[in-house]
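S.K.: Line by line, the protein sequences give chains D and S.
Positions 1 to 104 (the working numbering) are the ones given, in order, by the first sequence.
Positions 1 to 140 (the working numbering) are the ones given, in order, by the second sequence.
Keep in mind that the hints were calculated from the coordinates and are not lab data.
Fair warning: there could be bad hints in the mix.
So these bits of chain S aren't anywhere near chain D, every CB distance computed over 10 Å [claimed, not checked]: (1) S4; (2) V39; (3) P81.
In silico DSS-like pairs for lysine-lysine, Cα to Cα no more than 25 Å straight-line [said to hold, decoys possible]: (4) D:K95 <-> D:K2; (5) D:K2 <-> S:K31; (6) D:K74 <-> S:K21; (7) D:K39 <-> S:K88; (8) S:K31 <-> D:K39; (9) S:K21 <-> D:K39; (10) S:K123 <-> D:K39; (11) S:K31 <-> D:K21; (12) D:K39 <-> S:K116; (13) D:K22 <-> S:K31.
This structure is a prediction, so every number in the text was calculated from the model and none was measured.
Even glycine gets a Cβ: it sits at the ideal position worked out from N, Cα and C.
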Amino acid sequence: MKVSQIAPLIDADTVVAGDGKKEVSSVYAGDFLSRVMGKAPADCIWLTVMANVNVAGVAVLAEIPAIVLCEGVKPDEMLVQKCLSENIALFTTQKSVYECCKLL
Amino acid sequence: MSESLKLSYTVDGGDFVSAGKASEGVKRTLKSIGIDPAVIRRIAIAMYEGEINMVIHASGGTAEIEILEDKITIVLQDKGPGIEDIEKAMQEGFTTATAAIRELGFGAGMGLPNMKRYSDELKVESTVGVGTTVYLSFNV
Ligand SMILES: Nc1ncnc2c1ncn2[C@@H]1O[C@H](COP(=O)(O)OP(=O)(O)O)[C@@H](O)[C@H]1O
Ligand SMILES: [Mg+2]
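Chain S with its partners taken away, still in its complex shape (with noise of 0.2 Å):
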């Protein structure tokens, strides 16, 4: 691969039913370009983390998606409340989803964590009352 290939999904806000279909969208491109599943599957989990996370604590957003030769990186961006305290948000176990969020099984307050871990790269930018965005990088 000598170009980088770009994807980009827009994450309408609230939709529990349609979450999930950009980073499933992600993964099978990866599939079709033959990356190697078990960085698939972090890729996957990580960036679905960061859709759902546009859809309970923000609006909806953007997820911009580039592969490059030696790396794949994917830009979370939404217009939403933003983070107050980012290291909080970091913690696991930390949530500020309600009840009925956690009645549909998310919000445990594991979804940073598990960006964290399934990247080789994290950064969260965030300002209160303006939006998130969420990078994300992993090598190939």
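Isolated chain D (complex conformation) (with noise of 0.2 Å):
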């Protein structure tokens, strides 16, 4: 699946969009930063419900091109403009982690 391809199936709003053409292969979802630099494999989507610009720094050294913020959680503007800056797509959504594992 490509970036842009992400959110419709997960009813999300897109944030920041990213690379839409970049091939993400798989999922991870968690909070505690360390657990995601540790476990989260390169080029996959992360569903979370951390919303600080320390999200899109983990991503950028993780090398994660899209970030899902669940359960309605809003981004910190800070998170947004690092997600600019950096070209890493940003989604929300209201689903659940739960929900967008079973979707996506």
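Make the complex out of the two chains shown on their own, each in a separate frame, by following the hints.
M.R.: Next up, the structure:
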């Protein structure tokens, strides 16, 4: 699947489009940043309820091209800015982490 | 590459917004000189864990990176409180991070284990009341 195909599957709003052509190959769900860095594979879709700027920092370092904020969580403004400057996709959805896992 | 390339950064303590800047800078440099992306990812994550530890647990510190022909070394040095029991600190899940820090997503107690996992060599030297030096090495 490509990054541009994620949003419709989980009724998500696109906050930052990122690199729409980028291929994503798996999904990882988690909130503790060190767990994500230890376990999430590169090129995954990251489902989380964490919304601070460090989420984008982790995505940059761990080669994660798409972040989905679940359960209606809204991103901090600095998170949005960093996703824009680093070209990382950022989506928001009302759906739960579990629902997103099922749908993706 | 016949000579070594050296980079050095100052990491501010308690600054969660700019935390990670040094690791991101190193990542960009390694990419620009054509290091294997899989190795870059390991270096970037391990260094970020060390950088974050200096931000959370010490009052900041310094990061010195040396890029040699066959390996990359990173030395993270701080004058923080030091680590009482390094063996315990290395265990997955062990943390002294406060609730406020955990709310930011840090403090999972996985930093040192991640550094060990992603590096080819990890050495931690620490003296309580003096500071901590973390040495990471990666074969390239
Ligand atoms: N630079 C440091 N200075 C002082 N204590 C540290 C430092 N790095 C790690 N520690 C101690 O080791 C523990 C484990 O570190 P780590 O595995 O990175 O987990 P976390 O940072 O999530 O607590 C920390 O909670 C802290 O008590
Ligand atoms: Mg840590």
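S.K.: Run every hint past the structure and note whether it holds.
M.R.: Hints, one by one, checked against the model:
1. Every CB of chain D is more than 10 Å from the CB of S:S4 (nearest about 23 Å), matching its label as outside the interface.
2. In this structure S:V39 is separated from chain D by more than 10 Å, as the shortest Cβ-Cβ distance comes to about 12 Å.
3. Interface exclusion of S:P81 from chain D stands, the closest Cβ pair being 20 Å apart, more than 10 Å.
4. Restraint check: the Cα-Cα separation between D:K95 and D:K2 comes to about 20 Å, which is no more than 25 Å; the hinted pair holds.
5. Between D:K2 and S:K31 the CA atoms are separated by roughly 24 Å; this keeps the pair inside 25 Å, and the hint holds.
6. Taking the CA atoms of D:K74 and S:K21, the gap is about 24 Å. The hint holds against a cut of 25 Å.
7. For the given pair, D:K39 sits about 21 Å from S:K88 by alpha-carbon distance, which is consistent with the 25 Å threshold.
8. A threshold of 25 Å between alpha carbons decides the hint, and for S:K31 with D:K39 the separation of about 22 Å falls inside it, so the pair holds.
9. Restraint check for S:K21 and D:K39: satisfied, since their Cα atoms lie roughly 22 Å apart, inside the 25 Å limit.
10. A C-alpha spacing of about 22 Å is found between S:K123 and D:K39, which places the hinted pair at or below 25 Å, so the restraint holds.
11. With a C-alpha separation of about 21 Å, the suggested pair S:K31 and D:K21 falls inside the 25 Å cut-off, and the hint holds.
12. For the given pair, D:K39 sits about 14 Å from S:K116 by alpha-carbon distance, which is consistent with the 25 Å threshold.
13. For the suggested pair D:K22 and S:K31, the alpha carbons sit about 18 Å apart, so the restraint of at most 25 Å is met.
In this structure, every one of the numbered hints holds.
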